[in-house]
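Colleague: Those protein sequence lines, which keep their order, are chains A and B.
Residue numbers 1 to 114, in my numbering, belong to the letters of the first sequence in order.
Residue numbers 1 to 115, in my numbering, belong to the letters of the second sequence in order.
What the hints contain is simulated information worked out from the structure, not anything from laboratory work.
Don't take every hint at face value.
[Said to hold, decoys possible] In the DMTMM-like style, the derived pairs of lysine to aspartate or glutamate whose C-alpha atoms are separated by at most 25 Å in a straight line are:
id : chain 1 : residue 1 : chain 2 : residue 2
1  : A       : Lys70     : A       : Asp31
2  : B       : Lys71     : B       : Glu52
3  : A       : Lys78     : A       : Glu17
4  : A       : Lys55     : B       : Glu103
5  : A       : Lys70     : B       : Glu103
6  : A       : Lys73     : B       : Glu44
7  : B       : Lys57     : B       : Glu28
8  : A       : Lys70     : A       : Glu97
9  : A       : Lys78     : A       : Glu15
10 : A       : Lys73     : A       : Asp26
11 : B       : Lys57     : A       : Glu29
12 : B       : Lys14     : B       : Asp63
13 : B       : Lys71     : B       : Glu83
14 : B       : Lys14     : B       : Glu68
15 : A       : Lys70     : A       : Glu52
16 : A       : Lys73     : B       : Glu103
17 : B       : Lys57     : A       : Glu97
18 : A       : Lys73     : A       : Glu61
19 : A       : Lys78     : A       : Asp26
20 : A       : Lys73     : A       : Glu10
21 : A       : Lys55     : A       : Glu17
22 : B       : Lys57     : B       : Asp7
23 : B       : Lys57     : A       : Glu61
24 : B       : Lys57     : A       : Asp31
25 : A       : Lys78     : B       : Glu103
26 : A       : Lys55     : A       : Asp26
27 : A       : Lys70     : A       : Glu15
Next come the chains, spelled out residue by residue.
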Amino acid sequence: AQTVTQSQPEMSVQEAETVTLSCTYDTSESDYYLFWYKQPPSRQMILVIRQEAYKQQNATENRFSVNFQKAAKSFSLKISDSQLGDAAMYFCAPSPETGNQFYFGTGTSLTVIP
Amino acid sequence: DTGVSQDPRHKITKRGQNVTFRCDPISEHNRLYWYRQTLGQGPEFLTYFQNEAQLEKSRLLSDRFSAERPKGSFSTLEIQRTEQGDSAMYLCASSLAGTPGNEQFFGPGTRLTVL
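Chain B on its own, in the form it takes in the complex (with noise of 0.2 Å):
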């Protein structure tokens, strides 16, 4: 396995487009989650799956944001009518639910960028 993968790496868009992320975790892992990135901060959580379920949304994934895992392995992030301040770095991650710490296995990342 080659670890946790997103497409595409970078995406420009402009201000009102809609933008959708891909993230294939590691195969044996049935948890994912996403996380944005901020220049000079650490990753926020925005969400995360247990197989298909979504089972936790931050504050932060106001009603243009939404994230599916339709079969429980990959997982989509869709932002609707982008603004400005959604230019991030949009990290997804891997665990195996029984894990000692939850380690996550994170990916390189989406940066986005909206003109």
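Next up, chain A with everything else stripped away, as it sits in the complex (with noise of 0.2 Å):
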């Protein structure tokens, strides 16, 4: 079984600013992907980006980027620039290569302050 930690329940940041949001996992398989997912009030959950764990090299999607250190099995969230659009629960993970199910942190209620 994996578990995943989001230590931080609520983060705000102020429009236009960055942002990192912290998550650190815990698993015994070698071969692994790390997701973010948003999801925004009573919306459903989406996409941000994807991390392959063999890769060193950190992803980056647009204004979302990612710190991953794997020795640390540790995998923050950047958000640059941040936008009110951003305001969401915000949910970190981990899946095996061969596994068949995602398991979620707790997840961390981002606000966006205008």
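Using the hints, build the complex out of the two chains.
Modeller: Rendered as structure tokens:
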């Protein structure tokens, strides 16, 4: 089994500023992927960014980037130039390469202040 | 394709009643998943299908819960003799086997309230 810890239940950021959401996980798998999902209020969960654990280079997707520290089993999400539409719950989810389910953290609720 | 859809979006029922939810995955996706999400928590895995075969079930899925995917397309999740503790958001997701990391696409969920 895997465990996922998101130690920041709530975060806030000023519009246009940068915020970092943290995630640590525990897995015995050698090959896996890591995902950040966003769940806006009353809307469906959508993928923000994906990282392959075998890649040393951190993934980037527009204003979203990750800081992946494999040895520390840490996978943080950085949101640059925060926008009002970034307000949502953010979930970290590792997935074994051969696995068939996601293990989600408890989430971080992000508020963007205009 | 418009993505994963779920029906109904909201369901209010009385304790002891049976309820059934439906999920329609993305058409070319052969994998389908059910998760349960309670307020302030992340989704918890319930069960997963590849085509019509139910390949994995969580211990969270008590004998009051049953899921089917009869033709390998849509799926139903039935809860019998509902209890107040069943109140939650039930999420469906789908994926295509062999895609990197088994990326899953989620539906909007069905919110169940048991009175």
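Colleague: Any hints this thing doesn't respect? Which numbers, in order?
Modeller: Result: hints 13, 21, 23 and 27 break, sorted rising.
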